[in-house]
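Residue numbers (this note's numbering), protein chains in the order written: chain W, 1 to 167; chain X, 1 to 179.
Don't take each hint at face value.
To be verified - Simulated crosslink set (SDA-like; lysine to any residue; CA at most 25 Å straight-line):
1. Lys127(X) with Lys72(W)
2. Lys72(W) with Glu155(X)
3. Lys71(W) with Gly148(X)
4. Lys71(W) with Lys127(X)
5. Lys72(W) with Val138(X)
6. Lys127(W) with Leu7(W)
7. Lys15(W) with His76(W)
8. Lys127(X) with Val155(W)
9. Lys68(W) with Glu156(X)
10. Lys72(W) with Ser170(X)
11. Lys112(X) with Thr70(X)
12. Lys80(X) with Ser63(X)
Said to hold, decoys possible - Far from chain X, some chain W residues (derived; all Cβ distances over 10 Å):
13. Glu97
14. Ser112
15. Glu132
Hints in this document: simulated from the structure, not taken from any laboratory.
Predicted, not measured: the structure shown is a model, and the values here were computed from it.
Cβ coordinates follow ideal geometry from the N, Cα and C atoms, glycine included.
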Amino acid sequence: MAVRKVLIYPDVHLKEICAPVVNFDESVEQLLQDLVDTMVDAGHSVGIAAPQLGNLRRAAVVDVSKSKLGKKQRNHGLLQMINPEIVEKAGSQIVREGCMSVPDYTGNVTRSESIVVQFLDQKQQLKVIRTEGFEAIAIQHELDHLDGLLFLDRVSSLKTDLFRRKK
Amino acid sequence: MQHFALTIIGRDRPGIVSQVTELLYRDGFNIADSSCSILGGQFSMILLISNPEISTKEQFSNSFKSLEETNLSVYIRTLKPGGEIRPELEGELCMISVYGADKPGIVYQVAKELGDRNINITDLNTKLIGDKLKPVYVMMLEAMLPEGSEIEDVEEWMNELKKKLRVDISVRSLAAMEL
């Protein structure tokens, strides 16, 4: 178990484009475990991406099944994703997002309503899943991190919540 | 550091923001929170500003003379200590949309339901849209529901108002997704 420190903007790691994982050694396993541990430790989080821990490899984890909003919807539970890629997207929805790396700010972001994402899981098995709603939003948000994008880069309207988010 | 609230309003045209912020920059002011928008044909700016060298508004109110000369109205409010700090509001953010035929008292009646229950309105804007002969009033309001108030309660109060005012009202949770 290793809970890591979640980096906060302006840490430079958050604006880097991450490199695909090519060597599937122990360090990848360790990274996924750190991501899961840190996400769980940060009680309110439903996902986290490697660069948020300062690791510039394409890996992220998502689990909406424990959150108030996410558990009401169909979801895939804990997803551990290596080299994830969105291969199909449809529809759009506006959602107000917040991010552990950008505290005290939320913004309205336009995301695809449903997506198909493919990735290698923790056992290096290729997975292709179709998902929608909260889980799809969480995946899009985390995958943006792998390209150095924060939700601030995607805010689609100026209505922003200037108040501290509920912990 | 002493903070001031600066309000500027005038007929909208390109260049107002640069004109105002150039002055502030030249005089060494910092802009903290600000909100600027077009209301009808007017452009309005509200800014919280501070300057380490300045502690009273008399020290700088003259700097804005040139703005007044270009038909902008300027108002400066001296904040009490801590007045620049955002309060930590706890609760659930909720969004209320109200729209329908224009009539007096729409904003007041909705705001009263919330105010009477000590519910804080965090954002509000209204617009008159559509036909001049049959204008439609649109109001969008964000409020922070403190513990003990639920979305369902707000819906109930608003349903009553809906009948009374004969307007459409919808209420929904604005919970941000924590990612």
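Each hint, compared with the structure:
1. Lys127(X) with Lys72(W): 35 Å, violated
2. Lys72(W) with Glu155(X): Satisfied, since the Cα-Cα distance of roughly 21 Å is no more than 25 Å.
3. Lys71(W) with Gly148(X): Satisfied, since the Cα-Cα distance of roughly 23 Å is no more than 25 Å.
4. Lys71(W) with Lys127(X): 37 Å, violated
5. Lys72(W) with Val138(X): The given pair, whose Cα atoms are some 32 Å apart, is violated under the 25 Å limit.
6. Lys127(W) with Leu7(W): Outside the cut-off at roughly 29 Å; violated.
7. Lys15(W) with His76(W): 28 Å, violated
8. Lys127(X) with Val155(W): Within the cut-off at roughly 23 Å; holds.
9. Lys68(W) with Glu156(X): The hint holds at about 23 Å.
10. Lys72(W) with Ser170(X): 22 Å, holds
11. Lys112(X) with Thr70(X): It is violated: about 38 Å lies between the C-alpha atoms, which goes past 25 Å.
12. Lys80(X) with Ser63(X): Satisfied, since the Cα-Cα distance of roughly 22 Å is no more than 25 Å.
13. Glu97: 5 Å, violated
14. Ser112: 14 Å, holds
15. Glu132: 14 Å, holds
Consistency with the previously given hints fails for numbers 1, 4, 5, 6, 7, 11 and 13, ordered from lowest to highest.
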